[in-house]
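Those sequence lines, one after another, are chains Z and P. Per my numbering, residue 125 is the first one in the first sequence, and the count goes up by one each step. Per my numbering, residue 127 is the first one in the second sequence, and the count goes up by one each step.
By construction, these hints were calculated from the structure, which means they are not laboratory data. There may be inaccurate statements among the hints.
Examples of chain P residues toward chain Z, derived with CB under 10 Å [stated by the list, open to error]:
id, residue
1, S137
2, P165
3, M182
4, G185
5, H199
6, T216
7, A225
8, L266
Fair warning: this is a prediction, and the values are worked out from it, not measured in the lab. Ideal placement from N, C-alpha and C gives every residue a C-beta, glycine not left out.
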Amino acid sequence: MDLIANIGLGFSVAITPVNILFCFVGVLLGTLIGVLPGIGAVATMSMLLPVTFHLPPATSLIMLAGIYYGAQYGGSTTAILVKLPGEASSVATVLDGYAMAQKGRAGAALSIAALASFVAGTVATLLIAVAGPLMAQLALKFGPAEYFSLMVLGLVASVILASGSLAKAIIMILAGAFLGLVGPDANSPMPRLTFGVPALAEGVNFVALAVGFFGISEIILNLEKDLQRVAPVAMRDLFPNRDEMRRSVGPTLRGTLIGSVLGVLPGGGALLASFGAYAIEKKLSDTPERFGQGAPEGVAAPEAANNAGAQTSFVPLLTLGVPSNAIMAVMAGAMTIQGIAPSPKVMVEHAQLFWGMIASMWVGNLLLVVLNLPLVGLWVKLLQVPYRILYPAILFFCCIGVYSINNSAFDVYLAVGFGIVGYLLIKLGFEPTPLLLGFILAPMMEENLKRAMILSGGSLEPFVTRPISAFLLLATVAMLLLMALPSFKRTRATALNAD
Amino acid sequence: MGRLINSEVASGLLVIAFGVLGLSAIGSLEIGTANDMGPGYLPRLVAWALVLAGAMMTGFAMLRAHPPVPDLHWRPLIGISAAVLFFGATVDRYGMVIAVVGMTLLAGLASPISRWRETPLIAGCLAAGAVLVFIVGLKLAIPIWPR
């Protein structure tokens with residue numbers, strides 16, 4: 125059995141002491157930033173990219189991945205205890221999680237969230253192990269036309285998922301794409317679009333962009349808001365009772381399935397998964413009126429789904445080499461720093477890395493359950509650290525993260541510029557996430573488009589005559605049509621503003 | 127004037143500005159042809175798409191009422207930007223300690239929630255922590271003191 129051998133190989137990498145240590149560091153850091161408001165996974169992972177340079181490839185990716193799913197976990201802790209979703213993907217958990225906490229079932233809600241996440245993580249790990257090689261097989265049939273069409277699909281999907289105006293999301297993709305095209309050009313030795321600035325010859329620094337848009341602008345926005353905290357709810361027993369357990373089983377399994385599927389889709393990931401799962405449980409329930417009043421189903425389903433989605437969203441990156449959301453864009457950046465170009469070959473040429481990372485996700489989920497339930501008290505304490513002490517520290521990490529990538533002051537100035545522009549854009553209702561995806565995908569799209577056009581002699585025909593490419597484009601068109609439907613517009617608006 | 131420039135019109139104009147900035151960065155880069163694209167092909171496409179999208183946004187927004195342009199809060203905007211700029215400008219020449227302390231003090235000015243008695247304390251702790259973790263621990267090539 126290949127599968128067992130592969131998983132065995134994975135665990136042999138994941139449970140070395142060094143990798144367990146960094147997996148632990150990752151999930152702990154992730155939980156921390158998930159608990160703390162005003163700093164998210166994208167910014168944290170970007171800031172830490174320079175540090176990962178000193179680690180072996182597998183170790184660095186294991187740690188970064190840990191930050192991602194650790195943040196999901198921390199985000200749900202605060203969602204339940206203080207009605208504050210630390211991450212966007214825990215917004216759905218707030219509805220019933222906080223309601224449970226108010227009824228004195230905070231401990232039970234946390235346990236259900238943790239167990240549902242763990243079950244989902246386990247199943248998703250297995251699914252990736254099974255589906256990964258199949259996807260990689262499919263990837264062998266991918267030529268430039270297929271890659272291009274896949275990325276178009278991903279961009280369109282990310283537009284749908286962006287909260288707020290569709291037009292603004294498209295504009296953010298375009299702006300990101302332009303920034304992504306700055307610098308090196310595949311066919312000529314001359315850097316382009318640099319305004320003659322030598323520091324831009326290698327392109328716009330990804331960390332400066334991400335930290336500017338997600339770190340610095342976020343701090344400015346937080347400082348103008350009055351960051352009021354809700355006092356944490358007191359916890360009594362940690363364990364769910366029999367009725368709550370029974371109610372959680374089905375939603376956990378369905379949530380896992382929904383999350384796994386939605387996670388793989390380009391542009392998908394944890395956010396869509398959690399909302400989708402919540403909505404479906406509410407539809408399926410005999411007593412939908414209990415939702416929002418503290419139904420354990422409403423905690424189990426989105427938590428299972430966001431964790432499963434978080435994990436399976438690694439599949440497109442690891443098997444096709446195409447990042448499907450902003451977090452995966454950061455992971456792609458980390459791989460590039462390590463000298464590993466994201467591509468379908470990763471699974472074969474870096475089998476240890478691939479399977480090690482997958483196995484480490486399971487290890488990380490286990491660590492989260494074992495460590496975090498006892499640590500909940502500590503996280504609650506941390507929540508009480510006032511923002512006036514927190515923000516200078518976060519700002520420092522922004523600075524050092526950007527500077528230490530190339531020891532370049534220019535990158536720091538660039539981050540300030542992006543921070544200011546990001547602040548303006550967010551104030552005007554533009555969401556920064558699609559920008560990051562456009563930034564990462566644009567150079568890849570250009571390369572594949574160029575190649576496809578050279579192969580076809582300038583004809584667009586292969587995009588629609590090659591079956592896989594045609595299918596992907598058809599899916600894109602279907603999505604665009606769906607977007608134009610008024611009923612879809614309404615559902616999207618309610619799903620994305622469910623608070 | 128005040129009525130005409132609502133938040134959507136402002137958004138549109140900003141996007142047009144992005145597009146124009148992009149076009150000026152492109153200058154006379156070679157476009158090439160569809161089967162042999164030059165370095166300017168896709169950037170030009172994207173920049174013109176931005177200009178067009180911005181123009182459409184502005185146009186449509188003028189026809190309908192929209193919320194006014196949101197108030198910008200200058201104090202955090204300037205304070206935080208200044209703090210980061212200070213860090214960038216000083217860290218390689220004057221070292222980590224000065225860069226971090228200056229950054230923290232400037233950041234403290236960015237918001238009324240900061241307390242003048244706490245800020246120096248935070249600055250000291252951050253500077254000490256920064257030196258320990260990043261220079262002693264991770265051995266980043268950053269001087270501690272001015273050189």
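Interface hint outcome for P165/P [beta carbon to chain Z under 10 Å]: Status holds, d = 4 Å.
Interface hint compliance - A225/P to chain Z, C-beta minimum distance less than 10 Å: holds, 8 Å
Proposed interface contact between S137/P and chain Z, which counts if any beta carbon pair is under 10 Å: holds, 5 Å
Closest C-beta approach of G185/P to chain Z relative to 10 Å, hint status: With a closest approach of 12 Å, the G185/P hint is violated.
Per-residue hint verdict: L266/P, partner chain Z, C-beta under 10 Å: holds, 5 Å
Cut-off 10 Å, beta-carbon criterion: hint that M182/P touches chain Z: holds, 8 Å
Closest C-beta approach of T216/P to chain Z relative to 10 Å, hint status: holds, 9 Å
Hint check: 10 Å Cβ-Cβ cutoff, H199/P to chain Z: It holds, given that the least Cβ distance between H199/P and chain Z is near 4 Å, below 10 Å.
Violated hint: 4 only; the structure is consistent with all others.
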